[in-house]
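S.K.: Take a look at the letters that make up each chain.
Protein chains: 2
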Amino acid sequence: MKKFKIIMLLMTCALFLSACGKSDSGKKSKENSSNTQLIGQTSNKYYQGVIKDGHYQTSKSRGVSVQQNDNQLNLKSFENGLLNISKSHFSTDKYIFQEGQYINTSTTEKWLGRKTKKNPEGLNPTGKDSKVPIYLQQIDEQDFMTQQNNSLKISGMTIGVGINSVYYYRKEAYGAIYQKKLTNSEIKEQGKQIGNIILQRLRKNKDLKNIPIVIALYKQAPNDSLVGGNFFAYSVNNDGANKVSSWQKMNIKNEVLPSQSSKTNNNDEDAFDNFKSQVQNFFPNLSGITAQAHYVDGKLSGMHVNITTQFYGESEIISFTQYVETQAEKYLPTGIPIDISISSTEGMQSFLSRSSSSKDFYSHVFSSY
Amino acid sequence: MKKFKIIMLLMTCALFLSACGKSDSGKKSKENSSNTQLIGQTSNKYYQGVIKDGHYQTSKSRGVSVQQNDNQLNLKSFENGLLNISKSHFSTDKYIFQEGQYINTSTTEKWLGRKTKKNPEGLNPTGKDSKVPIYLQQIDEQDFMTQQNNSLKISGMTIGVGINSVYYYRKEAYGAIYQKKLTNSEIKEQGKQIGNIILQRLRKNKDLKNIPIVIALYKQAPNDSLVGGNFFAYSVNNDGANKVSSWQKMNIKNEVLPSQSSKTNNNDEDAFDNFKSQVQNFFPNLSGITAQAHYVDGKLSGMHVNITTQFYGESEIISFTQYVETQAEKYLPTGIPIDISISSTEGMQSFLSRSSSSKDFYSHVFSSY
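Respectively, the protein sequence lines represent chains A and B.
With full-length UniProt numbering as the guide, the letters of the first sequence map in order to residues 1 to 369.
With full-length UniProt numbering as the guide, the letters of the second sequence map in order to residues 1 to 369.
These aren't lab readings, by the way, just hints derived from the structure by calculation.
Every residue gets a Cβ at the ideal spot worked out from N, C-alpha and C, and that includes glycine.
Some hints here could point you the wrong way.
[To be verified] Beta-carbon label-pair distances, calculated as ranges:
no., chain 1, residue 1, chain 2, residue 2, range
1, A, Thr345, B, Gln147, 31 to 39 angstroms
2, B, Asn281, A, Ser185, 46 to 54 angstroms
3, B, Gly63, A, Asn184, 50 to 58 angstroms
4, B, Ala176, A, Phe311, 25 to 33 angstroms
5, B, Ser88, A, Tyr168, 54 to 62 angstroms
6, B, Ser259, A, Asn267, 49 to 57 angstroms
7, B, Asn267, A, Asn44, 53 to 61 angstroms
8, A, Tyr168, B, Phe311, 28 to 36 angstroms
9, A, Ser130, B, Val256, 49 to 57 angstroms
10, B, Asn35, A, Val256, 29 to 37 angstroms
11, B, Asn35, A, Phe311, 22 to 30 angstroms
12, B, Ile177, A, Gly113, 52 to 60 angstroms
13, B, Arg170, A, Ser130, 56 to 64 angstroms
[Stated by the list, open to error] Short, incomplete list of chain A residues facing chain B, as computed with Cβ under 8 angstroms:
no., residue
14, Gly40
15, Thr42
16, Arg62
17, Asn80
18, Tyr95
19, Phe97
20, Glu99
21, Gln142
22, Asn281
23, His294
24, Gly298
Chain A with its partners taken away, still in its complex shape:
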């Protein structure tokens, strides 16, 4: 994986960059407070990040998203999916990643609210909670930087727009929670409208006037889902475009196995069922085995398997982990990345991982001295 070469390369270029951001003058600041430092990239799977004033620059809007998501799986899946979209437009070799710094907390709060007299910027429709749904549930901004004259310059941006698939509401304070399923056409329509408005607003900032801005639309999973939602469309907006000219469809599905409902692919389900029944008999009391299956264009392209056990001993977990590995190699599909984590109430006990190109699983048993 040329990992060592990359690290060496980056070690040598992990130089301290002086004053960047607002002041583009390139003058060397004497204050430590304007120092920007790059984090060594340890694999080109990942972006390099930015340390500023001695700290990592955390996202300005993320705290809001955390509160907004009753199902935390929507949060991880949204951030993770958006990063994958970003990687196909802003290469990890060329761009430096910066957590969203343009849409700040109070802006995010306003945008996620309903449009009212007091909140004219609200991107959700005016109206009564019980009648008019909240469509926009979360926003994520990712900034892509390049080095110019010893400073970092914003050179690209990706915006994720999370639209509800189910609208949860109360008719009175502390009352029962009602839900309304939103149709796919509503979700698409609203996502595109909101994405367009966000693009227009971002273009008003002179830093963002001419950079490529990718807008990606995400359909939130219901609150009781064991897997996150999925991105369903994106648009690339170059040359200062103020309006999205076209949306590209994305065919992504995330499913939970074993599933009661209709499946994208029966063979995958069967393979998992075989694996599951082999593994489930190992211990007298194994609590559960589920998987998240990730489909792109109808093809399985990734799998996360979660196995929950009681608290067994170190040697029992070692044997179990070896057994799971042999069964995974026998039954689970090859050519896709697979993670398998084995947990008890005490936390993760061991885990296995195989990349799409690898033949063998990497396995690790967590231990203690």
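Once you have looked at the hints, place chain B on chain A.
M.R.: Leaving out everything else, chain B in the frame of chain A:
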């Protein structure tokens, strides 16, 4: 690591063994219930395990140990340490591992109790709780099997004997908990005596009459310790020896870093402190960084670092993990196995691991679809 070769080798010998254990007659049982199957060994770091009657043969005595340990770290550390001792006497290439099947639950309970009229087998001294300490706190048995005439035969055993370093007791039911520190010479003396009696008792079983039995003595860590205790002596008893002829001293220490008290090695502490202060500044609110340092013969020989963060975003965790990797490569000692786990209240977020022979860390960020 010859992993693939080993797996191939073992795949081919993962044959079904018929009737073993009590009946050595070698007759082919038709019942599925007496079928023994070997688990493929995925690395020679680990033993092959045994599946019997479709299930893994769990330990007969372990449940008792779980209840006996207020500090669960003593349990993991004890099991893990005992496995390491076993490996140096019963090679993972030659022996098959079986969870302890000879000392069963009720025997363990009796042995861990005080010696009384009703419990003549008790290995703890007769006496009042507030006056006479409980020395023996836990027992672990590990069985090492070889294949003979298509069945598995016990060919070696390791017994771990956990002796308290602090005795906790109440003067009255539900009363305050008092503690009494036990001296090292008491701990040694008691451990050796108890180990001797266990050896004698095991030799009475005809299966165990002539096999090598390794007895290892462990000093339990106090209940408030952030690291487990340590093994301090072992004896190898060959040729049906009924009495331990000599004990080998083991110089093992497990410490927590950063430490307030005296340290085994100041350089290790300094290296860790440098790493810690580099990493701690990364996020505005990083909760804590501690490490378990494992010393053998005064030399650092392993380290587990635990980093606790708030719940940060996927991209924040990726950047942090890359940063931790660069700092660990810069500051932490090489040539020893190092695990670093990064957790939030939501569980493990990412982890890094480097073996003693490896230059680079393996790193994994846990994600969700």
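S.K.: Taking the numbered hints from earlier one at a time, note which ones the structure violates and give those numbers from smallest to largest.
M.R.: When the structure is compared with the hints, numbers 7, 8, 18 and 24 turn out to be violated.
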